[in-house]
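> Per the UniProt record's numbering: the sequence shown = residues 1 to 243.
Hints in this document: simulated from the structure, not taken from any laboratory.
Each residue gets a CB set at the ideal place from its N, CA and C atoms; glycine is no exception.
Watch out, some of these pointers could steer you wrong.
[What the hints assert, rightly or not] Each computed EDC-like pair below joins lysine to aspartate or glutamate, with the alpha-carbon atoms no more than 16 angstroms apart: (1) K2 with E132; (2) K191 with D206; (3) K191 with E5; (4) K191 with E72; (5) K2 with D115; (6) K99 with E132; (7) K161 with E188; (8) K161 with E181; (9) K75 with D12; (10) K161 with E32; (11) K174 with D115; (12) K120 with D206; (13) K99 with E235; (14) K120 with D196; (15) K151 with E228; (16) K77 with E87; (17) K2 with E181.
[Unchecked claim] Estimated spans, in silico, between C-beta atoms of each pair: (18) L81 with G160: 26 to 34 angstroms; (19) S76 with P202: 39 to 47 angstroms; (20) E175 with M1: 15 to 23 angstroms.
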Amino acid sequence: MKIYERLSQVYDLDWGKFAEQYISLINQLLDERGITQARILDLACGTGTLAINFANRGHFVHGIDISPQMIEVAKSKSIGLANISFEVQDMTHFRIEEKFDIVTCTFDSINYLPDINSAKAMFYRVATALHESGLFIFDSNTDRLYTNRHKGMHKRELGGKSFVQKLNYDPIRKEATTVFEFSNGDIEVHKQRPYDLAELEPFLTDAGLRIFHMFSGFDKEPYNLESERLICVAEKETMDNSS
Numbered sequence: 001m002k003i004y005e006r007l008s009q010v011y012d013l014d015w016g017k018f019a020e021q022y023i024s025l026i027n028q029l030l031d032e033r034g035i036t037q038a039r040i041l042d043l044a045c046g047t048g049t050l051a052i053n054f055a056n057r058g059h060f061v062h063g064i065d066i067s068p069q070m071i072e073v074a075k076s077k078s079i080g081l082a083n084i085s086f087e088v089q090d091m092t093h094f095r096i097e098e099k100f101d102i103v104t105c106t107f108d109s110i111n112y113l114p115d116i117n118s119a120k121a122m123f124y125r126v127a128t129a130l131h132e133s134g135l136f137i138f139d140s141n142t143d144r145l146y147t148n149r150h151k152g153m154h155k156r157e158l159g160g161k162s163f164v165q166k167l168n169y170d171p172i173r174k175e176a177t178t179v180f181e182f183s184n185g186d187i188e189v190h191k192q193r194p195y196d197l198a199e200l201e202p203f204l205t206d207a208g209l210r211i212f213h214m215f216s217g218f219d220k221e222p223y224n225l226e227s228e229r230l231i232c233v234a235e236k237e238t239m240d241n242s243s
């Protein structure tokens, strides 16, 4: 079973709470820059919670996700909104003709990229999709988070659906595995990889994306080597600054 094929049915019942904190932080960042109406591309948009919030604030939003099931949920949630659209695409190799003021990739989506070359490819696609001085906002779980937290077995029930969530992290292979075993026998296996700032920054720079905010959480505490999460805001350099 592909990732999010079954989990899409219950995703908003739990992980949607995380979205509320993220929405608050990103809206603060947009308000600080006086951005009231923008063209936003939401990579790995999932069920569209973040994208729909942007659209409700007057932005024009396009969301892509590799999961047809997640896109189906996103479309059903956004019926009646004329300033939002969704489609199935892979964030590593997405192709979109128009340019955007902001690109987002949130909820540890980058950690689904299997290796640093995939991240590099995505950063170049992001830079191509952005206007000059456009913003790229993304997050990543670090090795410390997976080491500290990604372990054990948890029995869950959401929306009347029971499942077991098994977590394991292999620090040698840098591979975090989450197995979702549903009561009807369906199984989803999610593989993630940690990415720290030291790994990502050179490839952001090569793509012409300059970091100007690095947070460790929604409280805007500065990122450091002990941080479990990286929240990064980068800006596409202008031609004058990239030479």
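> Confirm or reject each hint.
Right, here's what the structure says about each hint:
1. K2 with E132: violated, 36 angstroms
2. K191 with D206: violated, 27 angstroms
3. K191 with E5: It holds: about 15 angstroms lies between the C-alpha atoms, which stays within 16 angstroms.
4. K191 with E72: Roughly 23 angstroms between the alpha carbons, so the hint for K191 and E72 is violated.
5. K2 with D115: violated, 19 angstroms
6. K99 with E132: holds, 10 angstroms
7. K161 with E188: Status holds; Cα separation ~14 angstroms.
8. K161 with E181: holds, 11 angstroms
9. K75 with D12: holds, 14 angstroms
10. K161 with E32: violated, 41 angstroms
11. K174 with D115: holds, 10 angstroms
12. K120 with D206: OK: K120 and D206 at ~9 angstroms, within 16 angstroms.
13. K99 with E235: holds, 14 angstroms
14. K120 with D196: holds, 14 angstroms
15. K151 with E228: holds, 15 angstroms
16. K77 with E87: Holds: K77 and E87 sit about 14 angstroms apart, inside 16 angstroms.
17. K2 with E181: holds, 13 angstroms
18. L81 with G160: 26 to 34 angstroms: Holds, since L81 and G160 (Cβ atoms, about 28 angstroms apart) stay within the stated range.
19. S76 with P202: 39 to 47 angstroms: holds, 40 angstroms
20. E175 with M1: 15 to 23 angstroms: Cβ of E175 to Cβ of M1: about 19 angstroms, so the range 15 to 23 angstroms holds.
The earlier numbered hints that this structure contradicts are 1, 2, 4, 5, 10.
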